[in-house]
Amino acid sequence: MNWKRALLSTALIGAPLVALLTYGMTRDPHSIPSPLPGRDAPVFTRAVFAPGADSVLRLPVGDSVRLAAHRGEIVVVNFWASWCLACRDEHLDLSQTASAFAQKGVHFYGLLYNDQEKNGLRWISDMGGQAYPALSDPGARTAIDYGLYGVPETFVVDQRGLVARKFIGPVNALQLSALLDSLLVANQDSTRVGPANIPPDAGVTRPVVPAAAGAAKP
Amino acid sequence: MRRGLLVGVLVFVPRLHAAQSATTPATPAAATAQSVIVPPLPGVNLEFDARVKRIASRLRCPVCQGESIQDSPAELSTQMKTLVREQLANGKTETEVLDYFVAKYGQWILLEPRAEGINLLVYWLPVLFLVLGAGGLWLVVRKWTRVRPMPVASPTLQGMEATPVAVVVSE
Chain A
19 MNWKRALLST ALIGAPLVAL LTYGMTRDPH SIPSPLPGRD APVFTRAVFA
69 PGADSVLRLP VGDSVRLAAH RGEIVVVNFW ASWCLACRDE HLDLSQTASA
119 FAQKGVHFYG LLYNDQEKNG LRWISDMGGQ AYPALSDPGA RTAIDYGLYG
169 VPETFVVDQR GLVARKFIGP VNALQLSALL DSLLVANQDS TRVGPANIPP
219 DAGVTRPVVP AAAGAAKP
Chain B
298 MRRGLLVGVL VFVPRLHAAQ SATTPATPAA ATAQSVIVPP LPGVNLEFDA
348 RVKRIASRLR CPVCQGESIQ DSPAELSTQM KTLVREQLAN GKTETEVLDY
398 FVAKYGQWIL LEPRAEGINL LVYWLPVLFL VLGAGGLWLV VRKWTRVRPM
448 PVASPTLQGM EATPVAVVVS E
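Quick note, the sequences are listed as chains A and B, same order.
The first sequence begins at 19 in the numbering used here and counts up one residue at a time.
The second sequence begins at 298 in the numbering used here and counts up one residue at a time.
Please keep in mind that the hints were generated in silico from the structure rather than gathered at the bench.
Glycine included, each C-beta is placed from N, C-alpha and C at the ideal position.
Careful: at least some of the hints might be erroneous.
[Stated by the list, open to error] Between beta-carbon pairs, the in silico distance windows are:
hint, chain 1, residue 1, chain 2, residue 2, range
1, A, LEU180, B, VAL424, 23 to 31 Å
2, A, SER143, B, PRO410, 17 to 25 Å
3, B, LEU422, A, LYS22, 45 to 53 Å
4, A, LYS22, B, PRO370, 36 to 44 Å
5, B, PRO370, A, PRO51, 21 to 29 Å
6, A, LEU103, B, VAL428, 49 to 57 Å
7, A, ASP107, B, GLU344, 32 to 40 Å
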């Protein structure tokens, strides 16, 4: 029978094709999967251009911040720009979370992406201040090093210097606090329980920095 | 401008020594940056420009996503191209430069996927389809052009085999 054969061949060729296209519909072609989470956070040395309002996080303008020196501490790196509308949505959440976690040794830095510092400063004052320091990123070097393709993007670097998570788009206080809390707790657990809890790769490439070292830091 | 570039290149010096404090006054950056080679300006070394262009044409612009950073006028593309120039000038091979961007953005950044793993499908499926299509076509054509024996006449037409069709119709 001819129609049977036609049906069979249509099913054989068409079904996988439709399945493939249907799968394609569930994917967002604009979202770029980042290879960074779980890997070493790219180190940077960047100058402060806005000091930050929080008394703990505050740094003098002109100082340079080095990520490598924060080993043993959690660092939140937020890329933003004054021309970025979504950055307005997350600003208050970021600033408040930064203040809330400042005493726990979590550092927040805002890296200005493809913008002028004077615009950044004006934006910060328009937004009612910012708890944490803002750093300049000339030539978007650090941004490219972090595989940035838009703002805002936020990277959380854990105590071992690994990228724990990348947030694309505005973050909110709830998800950020939850992540920071879990990282802080995980670190406490690993030091309390002892070597059994240290990941297998820890001794080879990067010895786990005990929480005590972070606390002893001035 | 040049100072900005030098400071920027510091990012690629892996693992700066950990110091007592996370912050230092901004001045001593230039000391470590002395070994960085500043790439020739565009148009000075045409062979170098060609190498940059070859790499830039293979990298996808993260902003526009449908263009290479060579073709894209976006600011980020220009900055990435500057980075390609610097990395090449400082002795990285073309593969190493591409690997750097793949490490940051994933394979997505390559306009042409690498022929490895699941990507092999992209390269070999067309060949497979071509072979299957050619085979199918050959079978069909053979069927079409096969010389068939005359069909056995139906009972109603018995005895009329010799009559030309045209005559049958006209009757």
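Now the hints, each set against the structure:
no.	hint	result
1	LEU180(A) with VAL424(B): 23 to 31 Å	41 Å, violated
2	SER143(A) with PRO410(B): 17 to 25 Å	46 Å, violated
3	LEU422(B) with LYS22(A): 45 to 53 Å	27 Å, violated
4	LYS22(A) with PRO370(B): 36 to 44 Å	56 Å, violated
5	PRO370(B) with PRO51(A): 21 to 29 Å	26 Å, holds
6	LEU103(A) with VAL428(B): 49 to 57 Å	52 Å, holds
7	ASP107(A) with GLU344(B): 32 to 40 Å	48 Å, violated
In summary, the structure is inconsistent with hints 1, 2, 3, 4, 7 from the numbered list given earlier, while agreeing with the others.
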